[in-house]
Structure formats: C-alpha cells, structure tokens
Amino acid sequence: MNIFLVFMALYFMATFLVLGLAMYPLLKKIYPDNDPFVMFNGLLFYWIIADLLMRFFFQKLPVMSVKPLLTLPIKRKNVVHFVLGKSALSFFNFLPLFAYIPFSIMLIGNDYPAGQILPWLAGLIIFVLIINFLNFIIESIASETELPFLPVMLVAGGLFALNYFEILSISDLISKAFLGISNNPFFLIVPILVLAILYWTNFKTLKKKLYIDNSLQSKKEEAKTTNLAWTKKFGDIAPFMQLDIKLILRNKRSKSSVWMLVIGLLYGLFFYPNPIYQDMEWFFVFIGIFVTGIFLINFGQFIPAWDSSYYKLLMSQNLKYERYLKSKYSLMIMSVVIMFVLSIPYVYFGWKILLAHFAAAVYNVGVNSYVILWGGSFNRKKIDLDQRAAFNFQGTGAVQWLIGIPLMLIPMIIFAIFYFTLGFQVGIGVIIAMGLIGIMFHQKIMKFITSQYMKSKHKMIEAFSQDS
Amino acid sequence: MIVTNNLIKSYGGVSVLNLPDLNIPKGQSFGLVGNNGAGKTTFFSLLLDLIQPTKGFLTMNNIRVHESEDWKPFTSAFIDESFLIGYLTPEEYFYFIGDLRGQNKADIDTYLAQFEELFNGEILGKKKYLRDLSKGNQKKAGIVAAFIGHPEIIILDEPFANLDPTTQIRLKKMLRELSDNRDITVLISSHDLMHVTEVCERIVVLEKGEIVKDLATSEATLRELEQHFAG
Numbered sequence: 001m002n003i004f005l006v007f008m009a010l011y012f013m014a015t016f017l018v019l020g021l022a023m024y025p026l027l028k029k030i031y032p033d034n035d036p037f038v039m040f041n042g043l044l045f046y047w048i049i050a051d052l053l054m055r056f057f058f059q060k061l062p063v064m065s066v067k068p069l070l071t072l073p074i075k076r077k078n079v080v081h082f083v084l085g086k087s088a089l090s091f092f093n094f095l096p097l098f099a100y101i102p103f104s105i106m107l108i109g110n111d112y113p114a115g116q117i118l119p120w121l122a123g124l125i126i127f128v129l130i131i132n133f134l135n136f137i138i139e140s141i142a143s144e145t146e147l148p149f150l151p152v153m154l155v156a157g158g159l160f161a162l163n164y165f166e167i168l169s170i171s172d173l174i175s176k177a178f179l180g181i182s183n184n185p186f187f188l189i190v191p192i193l194v195l196a197i198l199y200w201t202n203f204k205t206l207k208k209k210l211y212i213d214n215s216l217q218s219k220k221e222e223a224k225t226t227n228l229a230w231t232k233k234f235g236d237i238a239p240f241m242q243l244d245i246k247l248i249l250r251n252k253r254s255k256s257s258v259w260m261l262v263i264g265l266l267y268g269l270f271f272y273p274n275p276i277y278q279d280m281e282w283f284f285v286f287i288g289i290f291v292t293g294i295f296l297i298n299f300g301q302f303i304p305a306w307d308s309s310y311y312k313l314l315m316s317q318n319l320k321y322e323r324y325l326k327s328k329y330s331l332m333i334m335s336v337v338i339m340f341v342l343s344i345p346y347v348y349f350g351w352k353i354l355l356a357h358f359a360a361a362v363y364n365v366g367v368n369s370y371v372i373l374w375g376g377s378f379n380r381k382k383i384d385l386d387q388r389a390a391f392n393f394q395g396t397g398a399v400q401w402l403i404g405i406p407l408m409l410i411p412m413i414i415f416a417i418f419y420f421t422l423g424f425q426v427g428i429g430v431i432i433a434m435g436l437i438g439i440m441f442h443q444k445i446m447k448f449i450t451s452q453y454m455k456s457k458h459k460m461i462e463a464f465s466q467d468s
Numbered sequence: 001m002i003v004t005n006n007l008i009k010s011y012g013g014v015s016v017l018n019l020p021d022l023n024i025p026k027g028q029s030f031g032l033v034g035n036n037g038a039g040k041t042t043f044f045s046l047l048l049d050l051i052q053p054t055k056g057f058l059t060m061n062n063i064r065v066h067e068s069e070d071w072k073p074f075t076s077a078f079i080d081e082s083f084l085i086g087y088l089t090p091e092e093y094f095y096f097i098g099d100l101r102g103q104n105k106a107d108i109d110t111y112l113a114q115f116e117e118l119f120n121g122e123i124l125g126k127k128k129y130l131r132d133l134s135k136g137n138q139k140k141a142g143i144v145a146a147f148i149g150h151p152e153i154i155i156l157d158e159p160f161a162n163l164d165p166t167t168q169i170r171l172k173k174m175l176r177e178l179s180d181n182r183d184i185t186v187l188i189s190s191h192d193l194m195h196v197t198e199v200c201e202r203i204v205v206l207e208k209g210e211i212v213k214d215l216a217t218s219e220a221t222l223r224e225l226e227q228h229f230a231g
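These protein sequences, in sequence, are chains Y and V. Counting in this note's numbering, the first sequence runs from 1 upward without gaps. Counting in this note's numbering, the second sequence runs from 1 upward without gaps.
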C-alpha cells in the first residue's frame, strides 16, 4: 500500500512536471493567436475545481495524529495551529508547484517580465493554500451529513453551473484577478486576506471540536433494528447475509459502497449519449463490467477484511468457512443481477449495449466474483469500520481502482480481440461462455477458494489483530 | 478433556509457552494465573487454533485442535473485544451466535431471560450497538454469548476485568453454578487472585510460559498464591 502511494506520488509529480513544461508550447500551438499567459489564466478556474474535488476525496486533516498531544501540557491553541500548519505541508500543496514553477520559468524565458510573473506565482501558491483550507471546511460540513459527497458536489457543481451558464463568469473573474495581481502585486493582499479568513474559520471550528469526547470520538447513533426476514430464503447462509447487510448499512466505511452503486449505474451516461462512443462497440463490455460489477469490485476486494475486527470470533465459533464465503458470493451475485436489471434502460442507446451488459453480468458472476474472492485470501490489511470523526471522512482510496482495473480490462481485451476478428456476436458469445464455464464449476472453484482461506487463516488472524 | 502433548509455542526462537503434559479433566473449573507475558492468552489462543503451535499439539476430546475443526461445536470463548461484532445490537449479536450454535430466536430469548439481573437493564432493548456500550457492558454481553448453545468447554480470558463490583459478584455466582455442572469445563484466566480462588477448583500458575505451581484450591491457596507473587 505504501509503495503504491509512493508510486502514485512520483507518477503525479512527473505528470505535473511535464504538464508545467509543456503548457507554454501547448497553449501556443492550440491558440496561436492568443497570449498563452492569458489563456492559462482563463483555464485556472477548472484547475481549481479539479484540485478541490481531488482533495476532497484524498486529503484529510491530520487530526487524529494529535490525540496524544491533548493530554500533554501544550496549549490547545497551539495544538490546533500545529494541525493546521501540518496540513499546509501536505503533498497536495506541493504537487501544483511541479506545474506552476516550470511554467513560470518558461514564461520568463519567453520574455515575460519577471516582475509580473513572480507576484502571479505567489498568488497561485497562496491560492493553493486557500483551496487547502477551504477543503477542510467543506469536509467538516460533509462529515455531518448523511450523504458526504453532496456538499462538495454542490459546491463544485454550483460553481461550474454558474460559470457554464454564464450567470456569473467565475473563470473570467479568476482570470482577471490573477492578471490583476501580475500587473499590480499590491492586489496580493486580497488572496492573503481570504487565506487568513479561511485559516481563522478552520481554527475556530477545530478548536471547538478538538476534544476527546467530541470529534476524536465517533458519534453514538441510535440502533435501528432491521428484520431482513427475506434473507431466510437463503437457508443456512442467512445469518451471514444478514450480518453482511448490516455491516454495509451500519458502518461509515462500507456505506460508501452503496453510494458507489449510484455512480456506477450512471457511469454509462458518460459514454453512451456521446456519438463518438456509439461506434466503439468494443468498449461496451468494459462499461458493462463496471456498471453491473461496481458493488462486486467495491465490496469484494475487502473480503474478508470487512470482518477483520471480529475475525477471531468467526474463526473460533461453530461455523464453516464455506458458508461464510458462500454468503459473500451470494451477496455479490445479487448485486450483479440487480445492477443489470437497473441498467436495462440503457437499451435506449441501442440493443447491442443491452447485450454487452448482459454478457458482462454473466462474466461478473462466473469469473470476476471468484477472482475477487480468491484475491481476498491474500488480504492482510485490517479495516477499521468504526474509524470516523469530523474532518476524517475517507470512503474510497486510489488502491480500490487499481485492483478493479484487471477485472474490467481483461474481459474488454478478450472481447475486443474477438470483436475485431470475428464480429460482435462472437465476442459476446465468448464472454458469456467464459462466465457460464465459471458458473458450471461453481462447487469446485468454491472448494478451492475455501482451501486457500483455510491455508492463510493464521496469517490473517495475526494481521487483523495488529493495530494499524 | 484437554490434554497438551509437548506443546511449545515460541517466537523467534524464544519460547513463550511450554506445556509438556497439562491435563484438564472434564468438568473441572480451571484457573490460570500469572503476570503479564506469562503465556495465559497464548495458551487460550492455541486452544482456539488462533495461533499455531511451534511444536507438539493439544487435544480436546481427543481431537487435535490444529488439524481438525471438530472441536468447534462444543467449544466457546470470550477472549477480548474482537469476539464482539460492534455494529450489532446485543440482541442481534446473541441471535447471530445462536444461529451458529443451532439455537433459534425463542431459545435465545428464554436463555437471555435468566440474565436479567446480570444485565441490570443496560444491555437489552437499549437501541444501542455493541460498539457504543461501555467496556464493562460489552464484556457482559461477550461472556453471556459464550455460554450460548450448551458448550462443553468455555474459555474466558480475564472475565472480571472492567466489570463493576456487583457484576463481579454475580458473575462469580454464575461461574460457581457452572462448575457444579460436571459436564462443563471452564477455563478462566485472571490477575485477581481472590476471584480466581473463589471460582476455580484448580489453579495453575504460569511463569514465562512454564507451569510453576499446580494447586487444588483450598483454604490456604489464596495465601500461597499471594506469597508466591509477592516474590
């Protein structure tokens, strides 16, 4: 995981560096008649929105790390300053510099006066910090709502809409502001003031919240008893299914999988209405796997870590591993079927899409579900279901998507090969056949997977009892 | 009932538990005492196949624990909070354990009725998840769940810690009643010498993984233990 994060960080740093270096020639090429500097300022708005969204999902205030400080003789005020100051040193604040600085150097190299570019760069850096602290305010509001994605979507979407429908041209405004700063460094006072206000707001909120019994401890919610009588139909796996459903619905961490269902279902709308993709039939299977398998991938990859906090109980209680895994499998299959049914309206964009989704659903049931269950036997990372505090919402990590990639890419590649050689129908047939073969060998595969879990039982118990 | 055969657990070459031939007969109430690191929890974890022995093996009802799973139906334990499922209400948790042990809802309801006094109105019907209960109440729920479904071997690690005095007394009463039942073998570890002498008929003192004392409880046991630990 850590190696992965380092890799991601290096990757982004390199990307931003290339972006910074290429920006000037690129803008010059795309808009030969315009001043690249002015054009870049025009794009800043979108840059800022993207930055804000990215931070919301990946950056959190390092608030838990100061818990030990609270009992030491350090003034509360200073602890709060420390937390906020620490956040300013976040990777997310350094990342844009990899683009800004080379771009500024390029500008100066191309005879822009340094006296203009340097204050402008200073303005950008201050703005990075503004976004940094704005994000924490949004997150603190978000963590108190049931739909944690909503506030950031509203802010980002609202700004975007205002701009798009030209009710208030924010991109123009921002562009003018930055051009203003470059012409008259005195205007830097404005972003500095905004930054100060945001810092102060954060300071106030955090100081109020930074108590052991408040933000550092999870809220106690009233327990809702659920009947879930319908699971009885599933016979001996019913208790585990009830447990899994409660697990998903009652823990902040897993609740996001449900929220992801909506995103997954609407994912096709990014592509299908677009005429460009109408001809890219080889791509349909990819979307189909994503739409019908979003829950499978999201939930499946954390099996059995979902149960890590009481794994010892499961391992010493009177139960068969097979039943435990069968319940997880059934839940994933159910989600695939439901998602497929819900995705039927996509037939509006062509019957081939429906067919592709059907094939993808069969493949998800017959191949991906097993792959992800099997992958779970290598799981050694504990999940803290209770981890939840203000300023500390993290639903989905980058790792999740990485694991999902082969699950989606492999069927797409297989389909594409047959699609380009033997045509659409054959491609669909092959994908369905692969799924059916998997379903046929269900008992055998499950037996194998169960034995894999048995083998790593003690390693898992050990890993899950480590406090991470 | 429980027999160890040259059982050794070591980490990195350092032995943390060495029980060449410990024999716990059926129906005994067995107490395990020792300072931190003496190997109490290690022994219990081995009994439940949560860790693997480095050498040797142990059997319960002649079943080798780390080779077969057949000991699970008659064994039950509460070691620590990882035996609780935090996002369930206590009722749901009891029903879940009941499901695993072949007890239906009605069985569990009757079973729980006898603990009304022990629960003191703080556990059932409170619309609270287990994770939101106090440590003491969590422990009560865990211990009560360990008795579900007539297990023959019950393993409790530090059952008295975190409990309030009233509950400690009630729990002791419960455990004494259990030890009168000669079909149930109870294993308890404790740091509290008084509790353990009150409840257990046999007390074993562990030190650095080895048995240094094996006593049949009598009037003199408590004093002997106190002298031993006073060092």
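Hints listed in this document are in silico derivations from the structure and should not be mistaken for laboratory results. Hints may be right or wrong, so weigh each one.
Stated by the list, open to error - Derived PhoX-like pairs (lysine-lysine); straight-line CA-CA distance at most 25 Å:
#: 1; chain 1: Y; residue 1: Lys-252; chain 2: V; residue 2: Lys-55
#: 2; chain 1: V; residue 1: Lys-105; chain 2: Y; residue 2: Lys-232
#: 3; chain 1: Y; residue 1: Lys-459; chain 2: V; residue 2: Lys-126
#: 4; chain 1: V; residue 1: Lys-126; chain 2: Y; residue 2: Lys-320
#: 5; chain 1: Y; residue 1: Lys-457; chain 2: V; residue 2: Lys-55
As the list claims (entries may be wrong) - Reference listing, derived: stretches of chain V covered by chain Y, where coverage requires no fewer than 3 residues with Cβ under 8 Å from a Cβ of chain Y:
#: 6; stretch: 84–93
#: 7; stretch: 188–197
#: 8; stretch: 206–217
Given the structure is predicted, the values throughout are model-derived calculations rather than measurements. Ideal Cβ positions, reconstructed from N, Cα and C, are used throughout, including at glycine.
Against the structure, the hints:
1. Between Lys-252/Y and Lys-55/V the CA atoms are separated by roughly 43 Å; this puts the pair beyond 25 Å, and the hint is violated.
2. Annotation: proposed proximity of Lys-105/V to Lys-232/Y holds, straight-line Cα distance about 13 Å (limit 25 Å).
3. Distance hint between Lys-459/Y and Lys-126/V is unfulfilled; the C-alpha atoms sit about 37 Å from each other, more than 25 Å.
4. Straight-line distance between C-alpha atoms of Lys-126/V and Lys-320/Y comes to about 32 Å, which puts the hinted pair past the 25 Å bound.
5. Among the hinted pairs, Lys-457/Y with Lys-55/V is consistent with the structure: their alpha-carbon atoms are about 18 Å apart, no more than 25 Å.
6. Proximity of the stretch 84–93 of chain V to chain Y, defined as three or more residues with a beta carbon under 8 Å from a beta carbon of that chain, is established by the 8 residues found.
7. With 0 residues bearing a CB less than 8 Å from a CB of chain Y, the stretch 188–197 of chain V misses the requirement of three and the coverage assertion fails.
8. Restraint check on the stretch 206–217 of chain V versus chain Y: 0 residues with Cβ-Cβ distances below 8 Å, three needed, restraint violated.
Checked against the numbered hints above, the structure violates hints 1, 3, 4, 7, 8; every other hint is satisfied.
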